[in-house]
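With the hints as constraints, model all of the structure from the sequences given.
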Amino acid sequence: MPELRMREALREALREEMLRDDRVFLMGEDIGAYGGSYTVTRGLLDEFGPERVIDTPIAESGVVGAGIGAAINGLRPMVEIMTINFSFVAFDQIINNASKFLYMSGGQFNVPLVLRMAAGGGSQLGATHSHSLEGLYAHFPGLKVVCPSNPADAKGLLKRAFRDENPVIFIEHSALYSLKGEVPDDADYVLEFGKARVLREGTDVTIVGYGGSVHQALRSAAMLEDQEQLSAEVIDLRTLRPLDIDTVIQSVKKTNRCVVVEDDWQFGGFAGEISAQVMERAFDWLDAPVARVSGKDVPMPYNRNLEFAALPSEEDVVEAVLAML
Amino acid sequence: MTTQATAPTGIPEGFTPDLLDYMLHQMLFMRRFEERTGEMYTKGKIRGFLHLYIGEEACAVGSISALQPQDGLITHYREHGHAIARGIDPKRIMAELFGREGGTSRGRGGSMHIFDKERRMFGGHAIVGGHMPVAVGLALADKKLGKDAVTMCVFGDGGVAEGEFHEALNLSSLWKTPVLWFCENNGYGMGLPLEKSIANDIYKLAEAYRMPSIRVDGMDVIGVRQATDEALKHIRAGNGPYFIEAMTYRYRGHSMADAELYRTKEEVTEMRKNDAIERLKQRMTGAGLLDDAKWDALVERVEREVAECIDWADASPQPQISTLFDDVYRE
Numbered sequence: 001m002p003e004l005r006m007r008e009a010l011r012e013a014l015r016e017e018m019l020r021d022d023r024v025f026l027m028g029e030d031i032g033a034y035g036g037s038y039t040v041t042r043g044l045l046d047e048f049g050p051e052r053v054i055d056t057p058i059a060e061s062g063v064v065g066a067g068i069g070a071a072i073n074g075l076r077p078m079v080e081i082m083t084i085n086f087s088f089v090a091f092d093q094i095i096n097n098a099s100k101f102l103y104m105s106g107g108q109f110n111v112p113l114v115l116r117m118a119a120g121g122g123s124q125l126g127a128t129h130s131h132s133l134e135g136l137y138a139h140f141p142g143l144k145v146v147c148p149s150n151p152a153d154a155k156g157l158l159k160r161a162f163r164d165e166n167p168v169i170f171i172e173h174s175a176l177y178s179l180k181g182e183v184p185d186d187a188d189y190v191l192e193f194g195k196a197r198v199l200r201e202g203t204d205v206t207i208v209g210y211g212g213s214v215h216q217a218l219r220s221a222a223m224l225e226d227q228e229q230l231s232a233e234v235i236d237l238r239t240l241r242p243l244d245i246d247t248v249i250q251s252v253k254k255t256n257r258c259v260v261v262e263d264d265w266q267f268g269g270f271a272g273e274i275s276a277q278v279m280e281r282a283f284d285w286l287d288a289p290v291a292r293v294s295g296k297d298v299p300m301p302y303n304r305n306l307e308f309a310a311l312p313s314e315e316d317v318v319e320a321v322l323a324m325l
Numbered sequence: 001m002t003t004q005a006t007a008p009t010g011i012p013e014g015f016t017p018d019l020l021d022y023m024l025h026q027m028l029f030m031r032r033f034e035e036r037t038g039e040m041y042t043k044g045k046i047r048g049f050l051h052l053y054i055g056e057e058a059c060a061v062g063s064i065s066a067l068q069p070q071d072g073l074i075t076h077y078r079e080h081g082h083a084i085a086r087g088i089d090p091k092r093i094m095a096e097l098f099g100r101e102g103g104t105s106r107g108r109g110g111s112m113h114i115f116d117k118e119r120r121m122f123g124g125h126a127i128v129g130g131h132m133p134v135a136v137g138l139a140l141a142d143k144k145l146g147k148d149a150v151t152m153c154v155f156g157d158g159g160v161a162e163g164e165f166h167e168a169l170n171l172s173s174l175w176k177t178p179v180l181w182f183c184e185n186n187g188y189g190m191g192l193p194l195e196k197s198i199a200n201d202i203y204k205l206a207e208a209y210r211m212p213s214i215r216v217d218g219m220d221v222i223g224v225r226q227a228t229d230e231a232l233k234h235i236r237a238g239n240g241p242y243f244i245e246a247m248t249y250r251y252r253g254h255s256m257a258d259a260e261l262y263r264t265k266e267e268v269t270e271m272r273k274n275d276a277i278e279r280l281k282q283r284m285t286g287a288g289l290l291d292d293a294k295w296d297a298l299v300e301r302v303e304r305e306v307a308e309c310i311d312w313a314d315a316s317p318q319p320q321i322s323t324l325f326d327d328v329y330r331e
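Taken in sequence, the protein lines are chains A and B.
For the first sequence, my numbering begins at 1 and goes up steadily by one.
For the second sequence, my numbering begins at 1 and goes up steadily by one.
Hints listed in this document are in silico derivations from the structure and should not be mistaken for laboratory results.
Treat the hints with care, as some may be off.
No farther apart than 30 Å at their CA atoms in a straight line, the calculated lysine-lysine pairs in the BS3-like style are these [to be verified]: (1) A:K100 to B:K233; (2) B:K147 to A:K159; (3) A:K100 to B:K143; (4) B:K43 to A:K159; (5) A:K195 to A:K159; (6) B:K147 to A:K100; (7) A:K253 to A:K195; (8) A:K100 to B:K176.
Pulled a few chain A residues facing chain B out of the computed Cβ check, cut under 10 Å [said to hold, decoys possible]: (9) G49; (10) A66; (11) Q108; (12) L199.
As the structure is a prediction and not an experimental result, all values here were calculated from the model.
For each residue, glycine too, the CB sits at the ideal point set by N, CA and C.
Rendered as structure tokens:
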């Protein structure tokens, strides 16, 4: 299997889907001539031409709305929103139109739209450019939310997104674009939504992550083993909607402890959703309350040390696990 | 181009007796449909928000009658008239207002969200201006798929101050998408008069985005139809979007909840003298195409047709609670 960076795996998925289906086309800010702000779409304009790779003005609401209209009317658009932070500008389109069109029309019009966006902090981009809002989008019925943690998943899940009949919010953690991994080059390589993956088996605690936070989970599991002789099971959710809670519950019934890790803010966030569902379905198996390790409850600071302190770390996860023993 | 100083008279070429009969029936039907809809709201048969189209009928009939079956229509929340003009079964529209299973959205949408796939009616949208970018995408798809179809997007003067209006016009012009922008300027965005809402004449804003743009008398169904025919010809020739601002007036409040504190009764009385149905009636009478007997028969027919809509809607079943989760996602 070839080894690719995540941005290359995403590009392969786009390219393969464009070759497979004439209805697929791409829109976004600087995705063509510039090559994409994270270079995911580099080269696609040359290969597919300006009819299928459209450089749009900086008009997130207008462009996402146009994507919705094109999706309703027979095409399979992908709109790249440069970063999730700018998706607020298109919030009306995503929430009021994309997520509700099918329901409001009594099942007549579906919106097969793929919305890709980069998320996550850690690059000193300050408060307006460092959001992690996966949980926010997962809040809305009608949307699907995908958060890959590695190149192979990124490819398989993105290809799956183009075959969905519903709007898919595809969130890529910006710190992972250069991450390398083995990626199947089979054109039929497509992953299902709603299938979490156990990345590491363990018996003492279940650590749940998605997207970028999967890596804190893995590093903390290694630390727990090396330093504390504790065996942690690590679960990558891969999609938040649909959510594979069964895999989490099954694991918690074995380990009796659960920590959820996410970059997103804790208050009202997705870790709280996982925690609640674990409590509802595995209360009698829990030896300690479910712990949440999240981004701190502040707008992201610019200063390197402050930003580091605001993001969840593997040390935070280790600390949370030790506190429940 | 501005509103014609004097109301045109006579019947222009191309307006056959059949077409005129059709337009008169449609306008009268819409008005009676809305009057009875208002009654049904008062009786509690219809709940939620209800925005009546009374007074603006010439806009819907003059423009939508010019569309072809392959064309798309997407509009705002005062859209019962548009849905009727598009040929959607008015029984199903009424049933939607009643929230019944037989409604256009099986009772899930309500008054502000009328959709019909067969007639390519892409809603009824209730976030002001929010449907305008969607219109660009609908037209973009038609263009990419090589279809000879135009997307007509209707919005009110209230939508023009929204950012999405400007984004949508800009994109449609840049990409030369086949969109007919149709502004129903009834002078008020809810209760806010136009001069407090828009800093320029609306049709001039569209000119700034380099598309042909005209202002028409929206109380003259024949004039609206002529302008729309002209616009569609331009768009179908591959020239990109076209903008029509139709000057109209709504006789009733913004919704059923409107106390109308922002305008006088005298103003409404004065504007009603320019009634679109009355104007078409006079022109047809003048041309020997209408007499009292024919008019009375039409009124009677419309009364019966609307009554049938109400009876049908009322007989339609309530949606089953077990279907609550239908159509959140498509498999």
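Verification of the supplied hints:
1. A:K100 to B:K233: Violated. K100 (chain A) to K233 (chain B) sits at ~34 Å, over the 30 Å cutoff.
2. B:K147 to A:K159: With a Cα-Cα distance of about 28 Å, the restraint between K147 (chain B) and K159 (chain A) holds, given a limit of 30 Å.
3. A:K100 to B:K143: holds, 25 Å
4. B:K43 to A:K159: Judged against 30 Å, a Cα distance of about 52 Å means the pair is violated.
5. A:K195 to A:K159: Distance ~15 Å between K195 (chain A) and K159 (chain A) Cα, so the pair holds.
6. B:K147 to A:K100: Holds. K147 (chain B) to K100 (chain A) sits at ~27 Å (cutoff 30 Å).
7. A:K253 to A:K195: holds, 18 Å
8. A:K100 to B:K176: holds, 28 Å
9. G49: Violated. Min distance 12 Å.
10. A66: holds, 4 Å
11. Q108: Interface hint status for Q108 (chain A): holds (4 Å vs cutoff 10 Å).
12. L199: At about 28 Å, which exceeds the 10 Å cut-off, the nearest Cβ of chain B leaves the hint on L199 (chain A) violated.
Going through the hint list in order, the structure does not satisfy hints 1, 4, 9, 12.
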